[in-house]
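Novice: Protein chains in written order, with my numbering: chain A, 12 to 426; chain B, 12 to 426.
Calculated directly from the structure, the hints in this document are not laboratory data. Careful, some of the hints might be misleading.
Since the list gives no way to pick out one identical chain from another, each pair is judged satisfied if it fits inside one copy or across any two copies.
[Said to hold, decoys possible] No more than 20 Å apart at the CA atoms, straight line, and that leaves these computed lysine to any residue pairs for SDA-like:
| id | residue 1 | residue 2 |
| --- | --- | --- |
| 1 | 360 | 104 |
| 2 | 24 | 346 |
| 3 | 345 | 220 |
There are 2 protein chains.
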Amino acid sequence: MTTVRELAQRCKKASAAFGNLRSGDKNKLLEALALVLLEKRGFIKTENQKDILLAKENGLTDAMIDRLRLTDARIDGMAGGIRKVIALPDPVGGQDGAYRHPEGMLIARQRVPLGVVGMIYESRPNVTVDSATLCLKSGNACLLRGGKEAIHSNIALSELIRKALKHCDLSEDLVCLVTDTNRQSAVDMMGLTGLLDVLIPRGGAGLINAVVENSRVPVIETGVGNCHVYVDNQADLRMATDITVNAKCSRPSVCNAAETLLVGSDIALKFLPLVQKGLEAYNVRLHGCPETISILGDSVIPATEDDWGKEYLDYDLAVRVVSGVDEAIEHIGKYTSGHSECIVTESYKNARTFCEGIDAAAVYVNASTRYSDGEEFGMGAEIGISTQKLHVRGPMGLEHLTTVKYIIQGNGEIR
Amino acid sequence: MTTVRELAQRCKKASAAFGNLRSGDKNKLLEALALVLLEKRGFIKTENQKDILLAKENGLTDAMIDRLRLTDARIDGMAGGIRKVIALPDPVGGQDGAYRHPEGMLIARQRVPLGVVGMIYESRPNVTVDSATLCLKSGNACLLRGGKEAIHSNIALSELIRKALKHCDLSEDLVCLVTDTNRQSAVDMMGLTGLLDVLIPRGGAGLINAVVENSRVPVIETGVGNCHVYVDNQADLRMATDITVNAKCSRPSVCNAAETLLVGSDIALKFLPLVQKGLEAYNVRLHGCPETISILGDSVIPATEDDWGKEYLDYDLAVRVVSGVDEAIEHIGKYTSGHSECIVTESYKNARTFCEGIDAAAVYVNASTRYSDGEEFGMGAEIGISTQKLHVRGPMGLEHLTTVKYIIQGNGEIR
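For reference, chain A alone in the conformation it holds in the complex (with noise of 0.2 Å):
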């Protein structure tokens, strides 16, 4: 069997010849993966319903299996994900920051692809393809670790990313998936050194923590969200109650949802009932500080220290009178995972100084938590979201997929 090694080694090795391919070719390429996607579908759902019955005879829950479906609706979605790629202006070969040297030479930083680039995930089979396509667009190789729940899927997958690769008549070996999914093979992906210029970790906090620590090649952290709204005493309550409602509900189970509220004490009497009210509609179990209970009543679980680090990524939110803007920061600079943190405020003093406390990749006055996603943010598709503050934060895009190379053009200078 071809060890993790093995497999880094032919991505590498593929990886040479890549990076220098024309936007065009890579687009030709994409097109190819696309069309082989849409032709192959039912291939795709058959191999997808091995790992299905597979899930259900584990009894995995509706909600996981429904993560690991691939219908004909998401498979349509993979296509036209990758047509948004063809779209987006390729990041490398650009040049910038060029400056002329006083002894004459010209200095200019090309952007160029990272090499080869490790992913390691859970159980969403889209995830093999959607980060291929971002890899191959920036010219990066890339070597693809899933879950053992869609091994089947991924293994389909990937065939049909390196059918569109050999009809390119590219090498093969530019996306290779790990078929191996035990424990050991995420292991031996973290230490590929010299292989790996870089691993990204995309599921649970569990296995990002893990590769964190574990890690020698370097990885961008991504994704974890507990996610913070504060609404300030000089709050317009409307809007805070639709910011909320909208930043917990509109789709719990994302990193950018809102996991927390904390509440200025001198609006929490009106506010609280309100903000209730609002999230009742869809269910929402909340976790309170005393104040809270005091004010709301015994349908508020009471919150324990856990619940103020706690990524729910359900309908649960922790919620805390705070006396304002200065303890709001301060209880989220303790607690943060460096996401996405807001505050609902008609006070251009408090939005100025939360803006400035805070510290995290995302900071928000008066909009929803859920807008921290790549499209959002005008960079078209994302492979993840970054909460580290190195190489780059917040939404990855394509442009994070590359580094810079400086170009020196002289003409016979010495120093």
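Given chain A, work out where chain B should sit, using these hints.
Specialist: Just chain B, lined up with the frame of chain A:
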């Protein structure tokens, strides 16, 4: 005794309020630091003398003792370096990429400090002042750990830095020095996830590799330079000689010095004697391939496999004859440390091939690798030269000690 973790906690606490300090106030602080260094030069030299004496007792080489020594000229140099940084623009606070979302919010990317920068470095004590200066100007706190050889000097310099901080009513904990210089304190720093935002090792390959292999804090790998000069079959041989001699001999102890010379086989017979003559003036020892030896004779030491990968940092040069640009690219691809690589050629095609085919921070056509440096590249002072691809590649200036946060100004938008 204060633990490394406690020091880092103090740094982190101090950093929170510091990140938004105005440029004017940061520059006042740096001017105060320059003044205190000049005023207390007697104290600095006295403390430095203790390190020098210990170094002599411990039998360090003259070159190593010279690196340790703080003379009046070097103290003036440190103060002058600080004033250069004062003159540089402050990267913090600026916004770019402002984008109006179709629904109305303004989404902009604001530059913010990283937070707390960890530095692990070796003998030269001026790195203490240089690092603190760059970190403070870019709004960061820093945790510094120098080598044991310079401990008295480093303690003296960090006391003066803290004096300047106090003089300006800022927290002294913005710059903390780890005074325990055993191996464990470095290992402790590598485990400070959540406290250090980045760890930058500066020193020899051994130190850097140890940090890259073991750190759980994100690392920026710096400075190992196995740089190549390739003299193409279509080179101007006079220019090639000048560039080779300059790249090897103008300062062999630094990372941008050349370590290997590759020579096209068509011009080897004519070029090798020319370059040998140029290098003789500096008593450079040549380590050659069999072909080189057959041309230059027995004064050339036979090169072993080790020589191709070695960063001599001395008057040594590995020499190999290659068939042309493709074999040069192949050789460099195998042995490069990703720092700086040079082709000397009059051929447009070969220059392009080399620039596209080499994967390194800086690729030179007809200019010496010795220009790889933050000041030479127009970014003012540098904190190191990154040989990794993530976050920053090549010279690392003030901007690379910052990250971004997205600021979203809305009007109640929900998704």
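Novice: All the hints need checking, so say for each whether the structure fits it.
Specialist: Each hint, compared with the structure:
Taking the closest pair of Cα atoms, residue 360 and residue 104 come within 20 Å of each other only across two copies (17 Å); inside a single copy the shortest separation is 43 Å, beyond that limit. Taking the closest pair of Cα atoms, residue 24 and residue 346 come within 20 Å of each other only across two copies (15 Å); inside a single copy the shortest separation is 43 Å, beyond that limit. Only within a single protomer do residue 345 and residue 220 lie at most 20 Å apart by alpha-carbon distance; the minimum there is 18 Å, versus 33 Å between protomers.
No hint from the list above goes unmet by this structure.
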